[in-house]
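Protein chains in written order, with my numbering: chain A, 1 to 111; chain B, 1 to 112.
Fair warning: there could be bad hints in the mix.
No farther apart than 30 Å at their CA atoms in a straight line, the calculated lysine-lysine pairs in the DSSO-like style are these [stated by the list, open to error]: (1) B:56 x A:11; (2) B:67 x A:57; (3) A:57 x B:2; (4) B:70 x A:57; (5) B:2 x B:56; (6) B:67 x A:11; (7) A:95 x B:2; (8) B:56 x B:70; (9) B:70 x A:11.
FYI, nobody ran anything at the bench for these hints, they're computed from the structure.
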Amino acid sequence: DAEITQSPRHKITETGRQVTLACHQTWNHNNMFWYRQDLGHGLRLIHYSYGVQDTNKGEVSDGYSVSRSNTEDLPLTLESAASSQTSVYFCASSKDGNTIYFGEGSWLTVV
Amino acid sequence: QKEVEQDPGPLSVPEGAIVSLNCTYSNSAFQYFMWYRQYSRKGPELLMYTYSSGNKEDGRFTAQVDKSSKYISLFIRDSQPSDSATYLCATIMDTGRRALTFGSGTRLQVQP
């Protein structure tokens, strides 16, 4: 079955380190998204992509970057991890932009 | 002001009760409306999807959209303990940015 997978599922890192969260989908969807979820804020959009070589900033993009070199993958990089980036990160993908499927999440702790 | 507002709960109901979950939104450009269910430590999964105003029913679940008042509702009939989860409303524009805007989620607990 087609699916969307995130790795690592859990990570602890130190302040100032660069961290990359991987996202891989096998549906061949053009649209991919990264959200973070925090108590009281719900899901907030970090970055999104409508296709290869296309990336766009969401509402909370500061300190994060993405690149889209193929259809299947949209890695999220934290350039210099900060404690405020401790969160659960969800990758998602969509064929038509309306029906969006989420991964299982990556729990990141920055100490 | 957030674009989509949702009461965080928690909402606790006895098994068999009718549950009403609600959201309001501020941007009239939103055209598509969804409800996602999220179990603890899992990713959100799509429950219901509607376009513009009206009702949509799927088993025990009914989604309702009133665009004139910018109000979104999800009704759960004969609620079950397995319905205990966080419910997130979400919306998206017809054109332009094609990414969902979420409410903060309502935590529902159905007591057996």
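Checklist entry - Is the hinted pair residue 95 of chain A and residue 2 of chain B satisfied, with a Cα-Cα distance of at most 30 Å? => result holds (27 Å)
Next on the checklist: Check the hint pairing residue 70 of chain B with residue 57 of chain A against an upper bound of 30 Å on the C-alpha distance.
Outcome noted: holds (26 Å)
Next on the checklist: Hint check: residue 67 of chain B vs residue 11 of chain A, CA-CA at most 30 Å. Holds or violated?
Outcome noted: Answer violated: residue 67 of chain B to residue 11 of chain A is near 42 Å, above 30 Å.
Checklist entry - Quick one, are residue 56 of chain B and residue 11 of chain A close enough, alpha carbons at most 30 Å? => result violated (40 Å)
Checklist entry - Are the Cα atoms of residue 70 of chain B and residue 11 of chain A separated by 30 Å or less? => result violated (40 Å)
Checklist entry - Do the alpha carbons of residue 2 of chain B and residue 56 of chain B lie within 30 Å of each other, as the hint requires? => result Holds - the C-alpha atoms of residue 56 of chain B and residue 2 of chain B are around 26 Å apart, at most 30 Å.
Next on the checklist: Against the 30 Å threshold, does the CA-CA distance of residue 67 of chain B and residue 57 of chain A hold or violate the hint?
Outcome noted: The hint holds at about 28 Å.
Item to check | Straight-line alpha-carbon gap residue 56 of chain B to residue 70 of chain B, limit 30 Å | outcome: holds (17 Å)
Next on the checklist: For a C-alpha distance cap of 30 Å, please report whether residue 57 of chain A and residue 2 of chain B respect it.
Outcome noted: holds (18 Å)
Hint compliance for this structure: hints 1, 6 and 9 are broken, all remaining hints hold.
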